[in-house]
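Required output: the full structure, derived from the provided sequences and hints.
2 protein chains.
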Amino acid sequence: MPEFMDVHRGMVGITEEGLKEAHDADLAIQDDEAVVFKQAWADPTLGIVYCLSEAPSREAVQRIHARAGHPADEIHEVPLSV
Amino acid sequence: MPEFMDVHRGMVGITEEGLKEAHDADLAIQDDEAVVFKQAWADPTLGIVYCLSEAPSREAVQRIHARAGHPADEIHEVPLSV
Chain X
187 MPEFMDVHRG MVGITEEGLK EAHDADLAIQ DDEAVVFKQA WADPTLGIVY
237 CLSEAPSREA VQRIHARAGH PADEIHEVPL SV
Chain S
187 MPEFMDVHRG MVGITEEGLK EAHDADLAIQ DDEAVVFKQA WADPTLGIVY
237 CLSEAPSREA VQRIHARAGH PADEIHEVPL SV
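As given, the protein sequences belong to chains X and S, one line each in that order. Once you know that position 3 of the first sequence is 189 in the working numbering, the rest is easy, because the numbers rise by one and skip nothing. Once you know that position 2 of the second sequence is 188 in the working numbering, the rest is easy, because the numbers rise by one and skip nothing.
For the record, the hints were derived by calculation from the structure and aren't laboratory data. Misleading hints may appear alongside valid ones.
Derived SDA-like pairs: lysine to any residue, alpha-carbon spacing no greater than 25 Å straight-line [what the hints assert, rightly or not]:
| hint | chain 1 | residue 1 | chain 2 | residue 2 |
| --- | --- | --- | --- | --- |
| 1 | X | Lys224 | X | Gly196 |
| 2 | S | Lys224 | X | Met187 |
| 3 | X | Lys206 | S | Leu266 |
Just so we're clear, the structure is a prediction, and the values are computed from it rather than from any experiment.
Encoded structure:
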């Protein structure tokens, strides 16, 4: 299954609790699109969240994020990793 | 130890071997700055590499990447993760 790194901007001041709530909202519906959200990291100062997933497509990732209320600003397929 | 997500642009066409070589060049000298590079993911189509590390500071991450020949374009401290 392809891996994706997506980027959310405009999240200045996001808290640990806010990040967990957003991630849980994704997890609750991810099976609908066969997406597996793996990890997410947040820079609350600049308001950026990076989110790593496995999914059938970029569009599947975006459909889940959009339904969960936080569409991604960028979604990159990352076929290479170390 | 703080975690950082850094971003390298202009890497269009990067290969699995190229990513591994770049990562190995970081690993070879990371102890000089007490940095631990953990993972990296590449989008060869748009030429973006995301790199996750633990380090004493943003500057320590950049010194290693610069000495290894691939300074980062952005380095974000990511104190929150899920």
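Tested hints:
1. Lys224(X) with Gly196(X): Holds, at about 22 Å.
2. Lys224(S) with Met187(X): 22 Å, holds
3. Lys206(X) with Leu266(S): OK: Lys206(X) and Leu266(S) at ~9 Å, within 25 Å.
Hint violations for this structure: none, all hints satisfied.
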